[in-house]
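Chains as they are written, first to last, in the UniProt record's numbering: chain A, 1 to 355; chain B, 1 to 355; chain C, 1 to 355; chain D, 1 to 355.
Think of the hints as simulated: they come from the structure by calculation, not from any bench.
One thing to keep in mind: the hints can contain errors.
Which copy is meant is left open, so a pair is good if it fits within one copy or across any two.
[Unchecked claim] Straight-line alpha carbon distances no greater than 20 Å define the calculated EDC-like cross-link-like pairs of lysine to aspartate or glutamate that follow:
1. Lys346 with Asp26
2. Lys280 with Asp59
3. Lys280 with Glu44
4. Lys140 with Asp26
5. Lys112 with Glu310
6. Lys280 with Asp54
7. Lys287 with Asp54
8. Lys3 with Asp26
9. Lys40 with Glu165
10. Lys41 with Asp286
11. Lys307 with Glu44
12. Lys251 with Glu225
13. Lys287 with Glu44
14. Lys40 with Asp257
15. Lys41 with Asp191
16. Lys119 with Glu267
17. Lys67 with Glu28
18. Lys40 with Asp286
19. Lys40 with Asp191
20. Lys278 with Asp54
21. Lys251 with Glu226
22. Lys287 with Asp191
There are 4 protein chains.
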Amino acid sequence: MIKAGIIGATGYAGGELVRLLTAHPDVEIVWYGSRSYIDKKYYEVYKNMFQIVDAVCLDDNMEELAKQADVIFTATPQGFCASLINEEILSNAKLVDLSADFRIKDVATYEKWYGIGHKAPQYIGEAVYGLCEINREAVKNARLVANPGCYPTCSTLSIYPLLKEGLIDPSTVIIDAKSGTSGAGRGAKVDNLYCEVNENIKAYGVANHRHTPEIEEQLSLAAGEEMLINFTPHLVPMNRGILITAYASLKSTLQPDGTRAFPSYEEVRAAYDKYYDKEKFVRVLDKNVCPETKWVEGSNYVDVNFKIDERTGRVIMMGAMDNLVKGAAGQAVQNMNLMFGLPETKGLELVPMFP
Amino acid sequence: MIKAGIIGATGYAGGELVRLLTAHPDVEIVWYGSRSYIDKKYYEVYKNMFQIVDAVCLDDNMEELAKQADVIFTATPQGFCASLINEEILSNAKLVDLSADFRIKDVATYEKWYGIGHKAPQYIGEAVYGLCEINREAVKNARLVANPGCYPTCSTLSIYPLLKEGLIDPSTVIIDAKSGTSGAGRGAKVDNLYCEVNENIKAYGVANHRHTPEIEEQLSLAAGEEMLINFTPHLVPMNRGILITAYASLKSTLQPDGTRAFPSYEEVRAAYDKYYDKEKFVRVLDKNVCPETKWVEGSNYVDVNFKIDERTGRVIMMGAMDNLVKGAAGQAVQNMNLMFGLPETKGLELVPMFP
Amino acid sequence: MIKAGIIGATGYAGGELVRLLTAHPDVEIVWYGSRSYIDKKYYEVYKNMFQIVDAVCLDDNMEELAKQADVIFTATPQGFCASLINEEILSNAKLVDLSADFRIKDVATYEKWYGIGHKAPQYIGEAVYGLCEINREAVKNARLVANPGCYPTCSTLSIYPLLKEGLIDPSTVIIDAKSGTSGAGRGAKVDNLYCEVNENIKAYGVANHRHTPEIEEQLSLAAGEEMLINFTPHLVPMNRGILITAYASLKSTLQPDGTRAFPSYEEVRAAYDKYYDKEKFVRVLDKNVCPETKWVEGSNYVDVNFKIDERTGRVIMMGAMDNLVKGAAGQAVQNMNLMFGLPETKGLELVPMFP
Amino acid sequence: MIKAGIIGATGYAGGELVRLLTAHPDVEIVWYGSRSYIDKKYYEVYKNMFQIVDAVCLDDNMEELAKQADVIFTATPQGFCASLINEEILSNAKLVDLSADFRIKDVATYEKWYGIGHKAPQYIGEAVYGLCEINREAVKNARLVANPGCYPTCSTLSIYPLLKEGLIDPSTVIIDAKSGTSGAGRGAKVDNLYCEVNENIKAYGVANHRHTPEIEEQLSLAAGEEMLINFTPHLVPMNRGILITAYASLKSTLQPDGTRAFPSYEEVRAAYDKYYDKEKFVRVLDKNVCPETKWVEGSNYVDVNFKIDERTGRVIMMGAMDNLVKGAAGQAVQNMNLMFGLPETKGLELVPMFP
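Model the full assembly from the supplied sequences, consistent with the hints where possible.
Structure (structure tokens):
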């Protein structure tokens, strides 16, 4: 049994980790860390866990935790993991950080977008960006994994094959994202009250959302060149789910007759199939079927698809996933599975719940 | 592997059966029956099942199905199962009927409340009412199980111990029930459109809902006397979940000083514990904690609790469950497990999803 | 023009008052009181009011406000109004208090249920309980009106005629209430976050909700005897709306043949018609039509109806209204209209919004 | 009093027309046309209108209706109005068509996107596109107004000033739209059931939605050149509201130092102010405030704003409105006001409802 400890177990991502790890056949949770609820029964904070988890919440002493656990998950605010990490911890336990601390390779970029100094830049180089479908081999050997952000996971997987295969113009990528409200966390803020979110939709963080540089870094790696994108997230009145609608101009080729030709449906489809055919958790939908967040709810799937608009020469790329599973806790477990040599799908064979 | 066939696999209860049985380690689904979608891929009807189920929908030929399957689930409208059932089918396969056809022992009562003639009254006596917590032993030996209705399951389990222990006056029971919209089924009706249900709550079937005689039969068995109740269901703007709020007068005892005394919290609590202490799927909550549907979503749990109002001498009994799991498909699987000698919780160790 | 001042203008009830008074042809708002947002533009707090209200929020100096206004609305927490009220204020302006401070005639009852001492018991006797349909004449002459609570308004109007006409047994009244989330206010609490309320229903305040004694007082007045009731409120995932489902035993009369007869549909209907036939804001629905909160949304209507269950001898009484309008701000305006000799419906001819 | 007749009074847009016209001081509804509910009381179809509208539904005899009414509103499926319109009708009554029949000037474009032949092309030239803020003068003199589509209204108003002022490159416009479910109408379809829409978001009509050519025609007129756009609508789990998020590249100017400069915030803002400063129903929000659908719910407002992303040289334009008011019935009333010489805001001074 792998012994797991969670720092930040009482946030929504932490709660989802508990849900998944509790059902994972090879894992035992030994530490429910929660600064706000120390000494309180975990099931009093998340009453769905009544008679399932009997433990009390502990503090965030990561050094002590590292001695007891084989793997640590940090589901904490920005800067927290970087402020605690050290060599002793990493020598005792593997670490999957669900915050942004180790996702961005350039320290200056991190500090600019997050507005805080980085406390442990020496570990950025070592950290593996845990988007399993792309960095699988590196994750297997990592002791520190930066679990990708929710928007970056869905955005990158939706666009990656077309950039990698050079089918779209990297300078034209626009990502319009929609997220359920659990992405805003469990903090008590007026903006997240039921009455403020229900029957409402809005954009937020327009042109300055912190996930922008993370997405740009991953897409740039795929494109083989520096990319800047537009990224606009929206808050949707639902608990779970992220939907990505991305736009880009297809590269065209000059035809003998002087016209320009765009890639066909089959060519674009082949790009998706090339990268995802053997991926358990990425489902490329049938032609003309649009992803919907409800079809992946509660599961680790990302559903992707695309539509070519020949009138404008653009391709619309779409992706849907559960922000708390593939966008947070599920991907963290997927990373853990890889790090410990387990089958990648262990504990993640979740059938989406509908309705 | 138990071979299972489902008649009515494309309704919401049928879809939930597919979700649960797909993940059940000892079951293989061999028949996805759906009159409306014959020859269509099942995943085209429920796109969450893409790359999970590849079968096409078949017709409702129960005789043929019985030859191929060990167990048949009928998730069909009232009267359908009774019109098809016969000795040959029952000699080939066990049958769990999710409709009301075999739940009520008195044919006249069934015919009066459902407004149709009963086509197979000869099997009513044999059928076991599949409320596992109460009829466990009978279910084990049954070849025909009447899977309880959603409201009756939650109502009965919430009230049963107090009737059984004689703590409340059977003539005073009032049940005010609230259900998510999946209980109304997947039929295309204006009343169930998003815009009609959202931001709205209403009572329906007041004083004439068909689950009334089923609840009355079960409660009467518990009380040891004929009971009539008030049962008022309400439609709530949410997908899943049933909440029961039930009221009854506590029986009082005359004290030496001439006053009347009501049972204490401890006495009532002891009644719940007596019947549910060892029940995996019934959770008696801590004192003063009210059941909420969200805490059991996606799981087979029923959360129950109560509050004594000494001012009025009444007890308020509450219960929450997922109407599609414990109220339909989950309980059907629980019955199947019992009928086939499997551990009762097999395939049902579902951790509730929150949020 | 009537000059109106609002203390607590930035809560949900206060915001609704602003919405209604802004559109009222005879009213000008001169004071937007809000302790939390002093000096902030009101439209920055409620952005729906952009380009409609340009004023800034002021403090809660009720003495100063009374000098400038003809009427003061206090939409503030319990105890606040009682702590500020004095003779000078009442000599300068009429006062409609939306809190519970002056609703309950018995100080001890108020102090017991609200857990605070009453700071101005000398005004309780003078205060008129502003349920216009019942206390219309008294309201007209009042300088201090206690605006009824949301649950008490809907409960009382749903049950009143049957108690008044002696058709039901007062000792058997049970009220099961359901409310949208705006009733919980705009305070930043985890319990009221979107993800906690959405897809969830629960009872709260079981057997101890503060509206209980207020309802009991009003119903007792109608019945002409002291009554105790059961009152159980529930939180429903919707913004607005209250639905009341109330139960009581019909009084029966001994027939010559020894059986007991219950009042007929027509007799009960006649009771409702007697009190509400000329009421603009109470709509007695057609036979067998159940009230739904969506049909009254945004309006000052209360829709009521009933169903007799002859099997149990009980009547189920139902009522639906918008908790922020007839349950708070709309009724406050209705009271103001009466107090100032305006047509009672002025500014309240709101057509319910659907969907 | 203006006598108004409505064909299609029982759809959601028709129902909203009834809500608005009922409260309009200068209008009397004389005809509630509804093919599906002929001879039924209107309030039985929309129970919010109980005791407000007592009329029965009539058929769709537009010739007869034209004799009785001063203005006809057709809130009917595509092709219906064009199949009935004739000179006699237009000589008797003014006509506001809420369908798409007369919105698009090019018949071939209409027939291609809508897949039906146009039955009355002779009236296309005469019809005025009723986007009041842009075509006010023409509307005043029209006898036939094509009421704009919901998406086109919000899209055009959000983008118009920047195209008109030449601030953006017309070839780069991408519109990502989000709509509440009332936009899908009241037809009984599985896709629009509560359980299918709730907790879900999806794109639909990708690259082929019928509002595309309508938007393109209006934007082309503003730009002074033929434009092709990408338009992607999404279905959001809420009743009302449309949010537009539009993207375009800002035109840059070559600086003396060889770099390129983009328009400043002030320059873009001035463009919005130039066109909307005096518009009652278009609110240009304060800097950095994003439009939200909830802030305009129930009202005729469109809230617009923008954000410049200097990193990518694009501007993000946003707009929010109530799809049933400014996107349908409200705009139709606004057009009627203009056509009859009434103040444009008559009957439309609706304060948005929050929450």
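Homomeric proximity label, Lys287 with Asp191: Cα distance no greater than 20 Å: between (38 Å within a copy, 19 Å between copies)
Alpha-carbon proximity context of Lys251 and Glu226, limit 20 Å: within (17 Å within a copy, 22 Å between copies)
Intra- versus inter-subunit Cα pairing at 20 Å for Lys278 with Asp54: Classified as between; 17 Å across copies, 39 Å inside a copy.
Up to 20 Å CA-CA - Glu44 versus Lys287, copy category: Close across copies (12 Å), not inside one copy (46 Å); limit 20 Å.
Same-copy or cross-copy closeness of Lys41 to Asp191 [CA-CA at most 20 Å]: between (28 Å within a copy, 18 Å between copies)
Alpha-carbon proximity context of Lys40 and Asp286, limit 20 Å: So Lys40 and Asp286 pass the 20 Å test across copies only (14 Å; inside, 48 Å).
Copy assignment of Lys307 with Glu44, given that the CA separation must stay at most 20 Å: So Lys307 and Glu44 pass the 20 Å test across copies only (19 Å; inside, 47 Å).
20 Å Cα threshold - placement of Asp286 relative to Lys41: between (46 Å within a copy, 12 Å between copies)
Lys280 and Asp59: within-copy, between-copy, both or neither at 20 Å Cα: neither (36 Å within a copy, 31 Å between copies)
Copy assignment of Lys119 with Glu267, given that the CA separation must stay at most 20 Å: neither (46 Å within a copy, 41 Å between copies)
Homo-oligomer pair classification [Glu225, Lys251; C-alpha up to 20 Å]: within (15 Å within a copy, 24 Å between copies)
Alpha-carbon proximity between Lys40 and Asp191, which holds within one copy, between copies, both or neither at 20 Å: Cα proximity of Lys40 and Asp191: across copies only (17 Å, versus 27 Å in one copy).
Checked against the numbered hints given earlier, the structure breaks hints 2, 9, 14, 16 and satisfies all the rest.
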